[in-house]
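My request is simple: use the sequences and hints to build the entire structure.
Chains as they are written, first to last, in my numbering: chain A, 10 to 297; chain B, -2 to 288.
Honestly, the hints are just simulated from the structure, not real lab data. Glycine included, every Cβ here is placed at the ideal spot set by N, Cα and C. There may be inaccurate statements among the hints.
Claimed, not checked - Result set (DSS-like, lysine-lysine): computed pairs, CA atoms no more than 25 Å apart in a straight line:
# : chain 1 : residue 1 : chain 2 : residue 2
1 : A       : Lys259    : B       : Lys234
2 : B       : Lys234    : A       : Lys212
3 : A       : Lys68     : B       : Lys145
Stated by the list, open to error - Pair ranges (Cβ atoms, derived):
#  : chain 1 : residue 1 : chain 2 : residue 2 : range
4  : A       : Asp172    : B       : Thr67     : 40 to 48 Å
5  : A       : Lys77     : B       : Leu288    : 51 to 59 Å
6  : A       : Asp241    : B       : Lys44     : 19 to 27 Å
7  : A       : Asp97     : B       : Lys44     : 50 to 58 Å
8  : B       : Leu41     : A       : Leu289    : 35 to 43 Å
9  : A       : Lys278    : B       : Thr111    : 51 to 59 Å
10 : B       : Leu114    : A       : Glu136    : 44 to 52 Å
11 : B       : Lys44     : A       : Ile149    : 46 to 54 Å
12 : B       : Lys60     : A       : Gly58     : 42 to 50 Å
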Amino acid sequence: MKIAIASGKGGTGKTTLSTNLAAYLSETEKVVLNDLDVEEPNSGLFIKGKLIHKEDKYKMIPEWIEDKCTLCGICQDVCNYNAIVQIDPKIIVFPPLCHSCYACSELCPEAALPMVPKKIGELKHFEYNKLSFIESKLDIGEEQAVPLIAQTQKYTDEHFSDDTIKLYDSPPGTSCPVIEATKDADFVILVTEPTPFGFHDLKLAIETMKALKKEFAVVVNRFGIGNDDVLDYCEKEKIPIIAKIPNSRKIAELYSHGELIYEKVPEVKLQLKAIKDYILKMIEGGKR
Amino acid sequence: MKEIVVISGKGGTGKTSITASFAYLSGKDIVVADCDVDAADMHLLMKPDFKESEDFYSGEIAKIDQDKCTNCGDCANVCRFDAIPVINGEYIVDPLSCEGCGYCARICPVDAITNELQIVGEQYVSTTRVGSKMLHAKLSIGADNSGKLVAKVKDEAKKIAKNNNKDFVLIDGSPGIGCPVVSSITGANFVLLVTEPSVSGLHDLKRVYQIVKKFQIKAGCIINKSDINPKFVKEIKEFLNEEGIVHISNLPYDENFTKAMTIGQTIVEYDKGDLTKILTKSWNKIKGELL
Ligand code: SF4
Ligand code: SF4
Ligand code: SF4
Ligand code: SF4
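Next comes the structure, spelled out in structure tokens:
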């Protein structure tokens, strides 16, 4: 079963929930946690683990072969992203802008633009007690999260069986990276805070999940602050709230030290158990 | 006219609350822009009137004219994004997967494919409840290219500031370290980094500063929730020293942050104590850095 953990925005406690839930679930279940927030993977700060595999990740970009080129200009003309320009007498490629569509390469009449791999980031696979943890990190200056997210999911699918619970800590926002991270998920957990910011961002996230036709439920973090708008809204819209993680300075302090929280705050463990029960019920109910 | 951009590497550090406080303190004297277009939130505190709006187009999406299509399948073959599945015997473009590269349209033998411009968001020019002009935007779901929208919102803000002789444009920047944040800080005179003293806070600060450094923009830093972890405050300060980043101030962990937000106020309106004093001083210090 693939479960994405998402939120309209960063800072709602998505990583805290992902890491604690993953560690807690792994006490009894087969679990792999993926940090798909490839721009800034943070889960690894909370789950140290033993590195068991590491690989560079690439995207394909065209490489200009000067000797073959007749400077016909077709490549510059076909690129919709201005990633390739002709500045006579040269063709220059801007890798961060390239979407690897292959158009320039395949339409070049002289075969002067073969596609070559360029490193965009790194994937690491860790083991921490019984938990498997995969993290991908985009190199600084690389702008395209989507290909790396897709490759990380592929790696996970190839290395873990279907009966593993696959958790995806998704990137924030509602644009391409989140779509990529959640589109294969069987179920999405939306993390929010009971504040106007949290409520506003939750609505955007819900809109996104509805557009993707995803099944989802809500976890309220920092429960006890703010107001009841989130709770009232979920009740009215019949969106299940499967856990409420309390607000406390203690949690903020543990988090700041990079520690897992549930072992030290019993109330958090109780809430994780509620999420676990919900997930196991879904699995029994016929979801993979 | 000077441009100040507030960023944080990652969400949840209090960036928007702090930016809105500065905007509130300045009243009509500045132009405000919310460039966190993916999930813009500043309007919840500044309550702009959403008066003028304009669609934002960017990128293209392929569309197949079924009357012309001969089902040859060439388009699906060249598409590297698997965006042209066959549905009920017809080649159809899946809008969520199409990257608008235009390759399919170029090779379709019967010209059945056109590229259409896509509406990817809306941008607004508003007046806030404190009388300042505010530029903000909303990105459509699943849209790419937030970088371009950020650039547009910023450009517009600068134009308005120039035309009205305002000294400052204050920008709530984008989260993360990707393309939108680069657009947020391009051309800025000062970058304010908001961070918190935690393992992840320091990590994100260092990462995002690598970008700021590349652009050689003067930077300052506010450490929020500073009393939660003195050890990291020390580490952050060391980092600021090494990099020549101005330490603007420390803000204590204070539930007034959330309480103010909950009733739609900025901190400097709600809090009658230390937070407001520190924020007022911070804002003056930042402006001072730019004189
Ligand atoms: S399409 Fe090929 S031959 Fe033409 S300018 Fe580009 S690289 Fe050179
Ligand atoms: S592969 Fe596509 S995006 Fe990249 S340079 Fe060539 S035409 Fe442009
Ligand atoms: S290439 Fe053109 S004609 Fe062929 S299937 Fe695609 S749209 Fe139809
Ligand atoms: S424009 Fe590019 S991504 Fe979109 S369908 Fe055509 S080939 Fe595929």
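Verification of the hints:
Distance check on the hinted pair: Lys259/A and Lys234/B sit about 23 Å apart at the alpha-carbon level, within 25 Å; holds. For the given pair, Lys234/B sits about 37 Å from Lys212/A by alpha-carbon distance, which is inconsistent with the 25 Å threshold. Taking the CA atoms of Lys68/A and Lys145/B, the gap is near 23 Å; set against the 25 Å cutoff, the hint holds. A hinted range of 40 to 48 Å for the beta carbons of Asp172/A and Thr67/B is consistent with their spacing of about 45 Å.
Separated by about 56 Å at the C-beta atoms, Lys77/A and Leu288/B satisfy the suggested range of 51 to 59 Å. The hinted range of 19 to 27 Å is satisfied by Asp241/A and Lys44/B, whose Cβ atoms lie roughly 21 Å apart. The hinted window of 50 to 58 Å between Asp97/A and Lys44/B holds, with their beta carbons roughly 53 Å apart. Checked against the given bound of 35 to 43 Å, the beta carbons of Leu41/B and Leu289/A, roughly 37 Å apart, stay inside it.
Evaluation of the 51 to 59 Å hint for Lys278/A and Thr111/B yields a pass: the beta carbon distance comes to about 56 Å. One distance hint, 44 to 52 Å for the beta-carbon pair Leu114/B and Glu136/A, holds here, with the actual separation near 48 Å. Here the CB-CB span from Lys44/B to Ile149/A is close to 37 Å, at odds with the stated 46 to 54 Å. A hinted range of 42 to 50 Å for the beta carbons of Lys60/B and Gly58/A is consistent with their spacing of about 47 Å.
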